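Asker: Listed below are the residues making up each chain.
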Amino acid sequence: MGVRLLVLAVLSVALMVVDARFDLLKPARKQASLVLMDAYWITDLPGRLWEGIASQFGSRTELVAENEKLKTENLLLQGRMQKLAALTEQNVRLRELLNSSALVNEKVEVAELIGMDPNPFTHRIIINKGERDGVVLGQPVLDARGLMGQVVELMPYTSRVLLLTDTTHSIPVQVNRNGLRAIASGTGNPERLELRHVADTADIKEGDLLVSSGLGQRFPAGYPVATVKEVIHDSGQPFAIVRAVPTAALNRSRYLLLVFSDNRTAEERANDAAQAQENLDAQGGGPMLPATVPKVVNTPAAATTPAASTAPAPAAAASTTPAKPAAKPAAKPAAASKPPASQPAARPAAKPPATAPGNTGRQE
Amino acid sequence: MVGATASRNGWIVWLTFVFGILLSVSPLPMFMEILRPLWLALLLTFWALYMPHTVGMVTAFCLGLAEDVLQGDLLGQNALILTLITFLVLSLQQRLRMFPMWQQCLVILVIFGLAQLVQLWLSALTGNRQPTLALVLPALVSALLWPWVSFALRGLRRRYKIN
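In the order they appear, the protein sequences are chains A and B. Per this note's numbering, residue 214 is the first one in the first sequence, and the count goes up by one each step. Per this note's numbering, residue 8 is the first one in the second sequence, and the count goes up by one each step.
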C-alpha cells in the first residue's frame, strides 16, 4: 500500500512539474476537458431550464411591458449610436491628421457564462465559447458595463476567463479625466480593485472613471474598468491608497462579450486606415460616412440620376436651412444634361450630410 | 467467486462519483463557496472504507485528475490530495469502521484538514497563495456532513447490494 502511494505521489508531482513547465500535457488536458466540461453545463442546466420555463409562462402583459422597455432602450441606444458613428468618423480623421493609429471598431461576439470556478480564492469563470469558436488566449472579455477579464485557458468548446479582481491579475488603466496612468490590481474581493504605486500628489479623486489604457498590448484602450471609490492619503505610507469598484458586474453578468481586436501593429492599422480613406476618396468623393445609418442617406442621392431633382429635397430639408439653396441650383442643371453632369450633381447632394452629420443621423 | 461479487452493481459507485463531480462544480452563493464540502473526498472515504478492494488509491488518483481539469489547477494537484486522503483512510480502515459516528467525524476532520494544508502548500508553490486558514473550513463542513453522507450511502449500498 505504501509503495502504491509512493508511486502515485511521485507520478502526480511529476505531472504537476511537467504541466507547469511545458506544453506537453496541454493536448491531453483539452481532450479530457471535452468530456469533463459538460459537468459545468449540466450543473448550469436547472437554472437555464427555470429561465426557459419562466419565459414560457411569463404573462402577456409582462412580455409586452418588457418589449416596450426594450424598444425604448433600443431607440435610445440607436440614437446614441448615430451620434457615435459621426464621432468615430471624426476621430478617425483627426487621428489621420496626427498620423497616429486609429483603433475604431473591434469585432465582438456574445458568450454566455456557464460556470464559476469552485475555488473560492480565485476569480475565474467558464464561458461557452472555446477554441473552435475562434477564441484565443489572452482575449479580453467585456460585459455591458465594462471590462471583465481575459481568457486564460482554452478548451475546445469552453474557455476559462480570469476576472479583473483575481489576486493574480493586474490591468494598466488611465484616469479618464486627465489621462493619469496607473495599474489596477485585483484584491480577491469582487467589488474592489486597488491602484498600485500612485503618488500621494497625483491628481486622482473619488468618482474618477478609470479606462483601460491599452499599454499592456492585451486589452484594447478606452473601455471602462472601474470607478474610484476612495483615495486615502496616509502620511505613513509611501503611496496613496486608491480603491476602485469595477464597473462591470463581475459576479452578476451572464452574457459577456468577447472582443476580437486585430493583431495588426499600430502602424499597420494607421496605414490601412489611410489606404481605406484614399480608396474612398478616389471612388466617389463624399465623406467616408460610417457604415451604419448615414450611408443609406447617401446612396439614393448619389446613385439615381433621374431622381436627382427629387432626392436632394428631403435630404436638404432635414439638414440646416442654409444648405437648401445650395443644393437646389446644383440639382437643376443635372436634370438638364444627364450623363456628364451626374457626378457633380451627386456631390452637392451628398455634401449637406458632411456639414451636419449629427443632423442627418437623427433624421433617420 | 470473489471477483464476481466484487463487481456487482459497481456502476452505482461510479454514478455516485459522477454526482460528486457535479456537486463539486455546482454554483453556490458567494459566501458559501468557502464552505463547499469536499464531495469527492467524502465519497472516496466511504467507498474506501466499505469496499477497499474496488475503490482505492488509483481510483482516487483518476478522480483527482478529473477535478484538476475541471478546476484548471495543475494536473496532479488534486490527484495527489485525494490519493493522500485515500491512503490515510485505507490505513485506518479496520479501526475507523468500528468507531462510533462522532469519532469517525473527528478522524475525518483531521485527515481532511491535513489534506487541505497540503493543498495550501501546493497552491503556494504554484503562485496563487490563499490568504487565510479559512481553507480548513471545507474540512470542517465535510466532517459535519459525514454522518449524513455515510448514512445515505449505506442505505444505497444495502438497497442495491453493492459489494
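No lab work stands behind these hints, which were simulated from the structure alone. Since the model is a prediction, treat every value here as computed from it, not as a measurement. It is possible that some hints are incorrect.
[Claimed, not checked] Sample of chain B residues lacking proximity to chain A, with all beta carbon distances greater than 12 Å (derived):
#1 Trp18
#2 Arg43
#3 Trp46
#4 Leu56
#5 Thr90
#6 Phe94
#7 Val117
#8 Leu124
#9 Ser157
#10 Arg161
[Unchecked claim] Rough simulated footprint, nothing fancy, chain A against chain B, three-plus residues with beta-carbon under 8 Å:
#11 21–32
#12 47–53
#13 101–107
Beta carbons: idealized from backbone N, C-alpha and C, even for Gly.
Asker: Could you run down the list of hints and mark each one as holding or not?
Answerer: Verification of the hints:
1. Trp18: B:Trp18 clear of chain A: closest Cβ-Cβ about 17 Å, beyond 12 Å.
2. Arg43: B:Arg43 not clear of chain A: closest Cβ-Cβ about 6 Å, inside 12 Å.
3. Trp46: Nearest chain A Cβ is 10 Å from B:Trp46, so the label is violated.
4. Leu56: B:Leu56 clear of chain A: closest Cβ-Cβ about 15 Å, beyond 12 Å.
5. Thr90: About 5 Å separates B:Thr90 from the closest Cβ of chain A, which leaves it inside 12 Å; violated.
6. Phe94: violated, 5 Å
7. Val117: holds, 18 Å
8. Leu124: About 15 Å separates B:Leu124 from the closest Cβ of chain A, which puts it past 12 Å; holds.
9. Ser157: B:Ser157 is indeed farther than 12 Å from all Cβ atoms of chain A, at 23 Å.
10. Arg161: Since the minimum Cβ distance to chain A is about 24 Å, B:Arg161 lies beyond 12 Å and the statement holds.
11. 21–32: With 4 residues close enough to chain A, the hint holds.
12. 47–53: Result for this restraint: violated, n = 0.
13. 101–107: The restraint on the region 101–107 of chain B is violated, since only 0 of its residues have a Cβ under 8 Å from chain A and three are required.
Checked against the numbered hints listed earlier, the structure breaks hints 2, 3, 5, 6, 12 and 13; every other hint is satisfied.
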